[in-house]
Amino acid sequence: MTRTFEYSPDAEAAALHDDPVHGELMELNIGPQHPATHGVLRLKVDLDGETMRNVEPVVGYLHRGKEKTCESLGWAKFFPHTDRLDYVQPLMNNVGYALALERLAGIEVPRRGQEIRVLLMEISRIAAHLIYLGTTAIDLGAVTMFFNTFKEREKIYGILDAYTGHRMNNTYVRIGGVFADVDERVEGMLREFLESFRREIDGFEAVLTGNRIWYDRNKGVGTITRADALAWALTGPNLRGSGEPHDLRKAEPYSGYEDYEFEVPVGTVGDCYDRYLVRVEEMRQSVRIASQALDRLEDSRGLDVLVEDRRYVLPPKHKVHTSMEELIFQFKIVTDLCLPRGEAYHGIESSKGELGFYVVSDGSSTPVRCHIRAPGLYNVQAIPLLAEGRLLSDMVAIIGSLDFVMGEVDR
Amino acid sequence: MTSAEQTAERVHAALANLAAGDGPAPRDGTLTLEVSRGSLHAVLERLKEQAGFETITMVTCVDHLGGRRSEPRFEVVHQLLSIEHRDRVRVKTRVASDDASVPTCTDLWPGASFMEREAYDMFGVTFEGHPNLARLLMPEEYGHHPLRKDFPHQGIEPDRLYKEWDRERRARAAREQAGGSVR
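The listed protein sequences correspond, in order, to chains A and B. Every letter in the first sequence is one number past the one before it in my numbering, and letter 86, counting from 1, is 86. Add 1000 to the 1-based position in the second sequence for my numbering, that's all there is to it.
Be aware that one or more of the hints could be misleading.
As the list claims (entries may be wrong) - No farther apart than 25 Å at their CA atoms in a straight line, the calculated lysine to any residue pairs in the SDA-like style are these:
1) K66(A) to A1100(B)
2) K250(A) to D1028(B)
3) K332(A) to G1067(B)
4) K68(A) to H1153(B)
5) K77(A) to K155(A)
6) K250(A) to A1008(B)
7) K1092(B) to G342(A)
8) K68(A) to D1150(B)
9) K66(A) to S1070(B)
10) K155(A) to E200(A)
11) K66(A) to S1097(B)
12) K68(A) to I1156(B)
13) K66(A) to M1138(B)
14) K250(A) to S1003(B)
15) K68(A) to D1098(B)
16) K1149(B) to K250(A)
17) K1048(B) to K66(A)
18) K1048(B) to P253(A)
19) K1149(B) to R191(A)
20) K250(A) to S1070(B)
21) K1149(B) to P80(A)
22) K66(A) to R1027(B)
23) K155(A) to G106(A)
24) K77(A) to K1092(B)
To be verified - Chain A side only, calculated, beta carbon under 8 Å to chain B, not exhaustive:
25) A233
26) E244
27) L277
28) Y358
Calculated from the structure, these hints are not laboratory results. Cβ atoms here follow ideal geometry from the backbone N, Cα and C, with glycine treated the same way.
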């Protein structure tokens, strides 16, 4: 029997039909402990030869009951827990949660606080997309990319360390602003990083975009149409890869995003390659936004980064030590910070999609409900749609390109 | 973003003769509808087909046990997003705890499947017509619904598995001691 090496779907289907191996399904478990599943995700796959017939994602191995924890801890003390949702972009989660609470309480964040938040969110988005790029590339065999991207990510963590005092799990956002101002040293580090990172992105693209292996492993794999993506509740880069230019930074601007100039990249066919291109371009746009935010910070130097509202915001320490009234406020806020009765939802454009917090308050210091709309969960949900009917080796590319973090999926 | 009045006008035109009362306006200004369980599916379908809400962002539940208005106990919350009009609508349905079930909307948006499974897992509210209403986050044999208000924060039987493992370990050690060391 002669076989040509030219790929054609018809020939493959015919070959599958004739092959005696096929016909009997074999159940294969991928994960929960498998490096290519990017966390503790388990996939039950029914294999027909090498073809995936049924795929069922099983989640919950990292469930820590975050929503229940929020109900027992109270509003302000939940901030450190939001860091542990999508742990590659803790500051983004902090801002998302803070925005929901501020919407509930009707707080307006001062200008400089908003600019710092935008800066932190865009830096976090770059860090998260670098994780996507590095891990997906190493899963598909491009080991160099892993080191290149993690080298850059390490620089971001160095800057965050200089600013917040931690590399990860920063918890630096508060109700009404951010904990402390950025100083000129950190701003200088950021400018230096953004300048060099522009060239690094070109370097990543030089390695991957025109790479024959990368192209073949991603092009035409895991295709999802715009209509399907909407019906399956996909958001973020996964939706934009399918050609829908929906971005919450444009559609429902928050933290002053309407004043920044940036483009929303979209794909055309919605395959893994498109999602890759969208994320790479998003990193460039994030650099643009972060640079604009740094310029604005030059103008607003010396202004407040936290709102002056003694119902929700801790007084400065030196005042607590000298004024009786401020000491009482400090005590009130630490022991029970109460938010007004009502409910509010706020969604932000995180690196994975729409990260939403739905908070319901009865006016007391603990929430009635704090639901976290984690975009990663719906990215996981779409795996069967993208994978069924394809070869097992495509699973790695699909998992990588959907981009989820299990800390957020399982909560 | 479309103004709140335009959203309300479009939604009410789409719902026309369906009885759906506006709930109290929430603090974030999202249009909120309070509907009965019987008309929930029809309302969601109209919102999708006629008011242009293409995608669903959230299906969750709130347990009002011990709250100011505690009956009916569970409040199922659907939140839809219209990308074209850049607005959202929230649909709320109250169900009692002895008959906590609402119709599924996975036939309209298949992506609601995990949302409904999570709400079932956490609150015990069933979604009629769901193709596979299994627990999502907790183990399949877990007998409780942890986000209910009467579920304690520290959990129920937190160390049951540990105790079983410890009992087996002790029994094995005792056997080994009785029969000498086994290599």
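Hints, one by one, checked against the model:
A threshold of 25 Å between alpha carbons decides the hint, and for K66(A) with A1100(B) the separation of about 24 Å falls inside it, so the pair holds. At most 25 Å may separate the alpha-carbon atoms for a hinted pair to count; K250(A) and D1028(B) meet this at roughly 18 Å. Note on K332(A) and G1067(B): the hinted pairing holds, with a Cα-Cα distance of about 24 Å set against a maximum of 25 Å. For a cut-off of 25 Å, the pair hint linking K68(A) to H1153(B) stands: about 7 Å separates their Cα positions.
Of the supplied pair hints, the one linking K77(A) and K155(A) is violated, its CA atoms being roughly 29 Å apart against a limit of 25 Å. A distance of roughly 22 Å separates the Cα atoms of K250(A) and A1008(B); the hinted pair therefore holds under the 25 Å criterion. Distance check on the hinted pair: K1092(B) and G342(A) sit about 14 Å apart at the alpha-carbon level, within 25 Å; holds. At most 25 Å may separate the alpha-carbon atoms for a hinted pair to count; K68(A) and D1150(B) meet this at roughly 12 Å.
With a CA separation close to 24 Å, the supplied pair K66(A) and S1070(B) stays within the 25 Å bound. Of the supplied pair hints, the one linking K155(A) and E200(A) holds, its CA atoms being roughly 12 Å apart against a limit of 25 Å. For the hint linking K66(A) to S1097(B), the alpha-carbon distance of about 24 Å falls within 25 Å, and the restraint holds. The hinted pair formed by K68(A) and I1156(B) meets the criterion: a straight-line CA distance of about 13 Å does not exceed 25 Å.
Under the criterion of a C-alpha separation no larger than 25 Å, the hint pairing K66(A) with M1138(B) is consistent with the structure, at around 13 Å. Under the criterion of a C-alpha separation no larger than 25 Å, the hint pairing K250(A) with S1003(B) is consistent with the structure, at around 15 Å. A hinted pair counts as satisfied when its Cα atoms are at most 25 Å apart, and K68(A) with D1098(B) qualifies at roughly 23 Å. Taken as a hint, the K1149(B) and K250(A) pair is broken in the structure, with Cα atoms around 38 Å apart against an allowance of 25 Å.
Among the hinted pairs, K1048(B) with K66(A) is inconsistent with the structure: their alpha-carbon atoms are about 31 Å apart, more than 25 Å. Distance hint between K1048(B) and P253(A) is fulfilled; the C-alpha atoms sit about 24 Å from each other, no more than 25 Å. Taking the CA atoms of K1149(B) and R191(A), the gap is about 49 Å. The hint is violated against a cut of 25 Å. Between the alpha carbons of K250(A) and S1070(B) the distance comes to roughly 39 Å, so the proposed pair goes past 25 Å and is violated.
Our distance criterion of 25 Å between C-alpha atoms is met by K1149(B) and P80(A), whose separation comes to about 23 Å. A threshold of 25 Å between alpha carbons decides the hint, and for K66(A) with R1027(B) the separation of about 24 Å falls inside it, so the pair holds. Restraint check for K155(A) and G106(A): not satisfied, since their Cα atoms lie roughly 36 Å apart, outside the 25 Å limit. Taking the CA atoms of K77(A) and K1092(B), the gap is about 29 Å. The hint is violated against a cut of 25 Å.
A distance limit of 8 Å between C-beta atoms decides the matter here; for A233(A) the minimum to chain B is near 3 Å, and the interface restraint holds. Of the supplied interface hints, the one on E244(A) holds, with its beta-carbon coming within about 7 Å of a beta-carbon of chain B, less than 8 Å. For L277(A), the interface hint is violated, since its Cβ never comes within 8 Å of a Cβ in chain B; the closest pair sits about 21 Å apart. This hint holds: Y358(A) has a C-beta 6 Å from the nearest C-beta of chain B, less than the 8 Å allowed.
Going through the hint list in order, the structure does not satisfy hints 5, 16, 17, 19, 20, 23, 24, 27.
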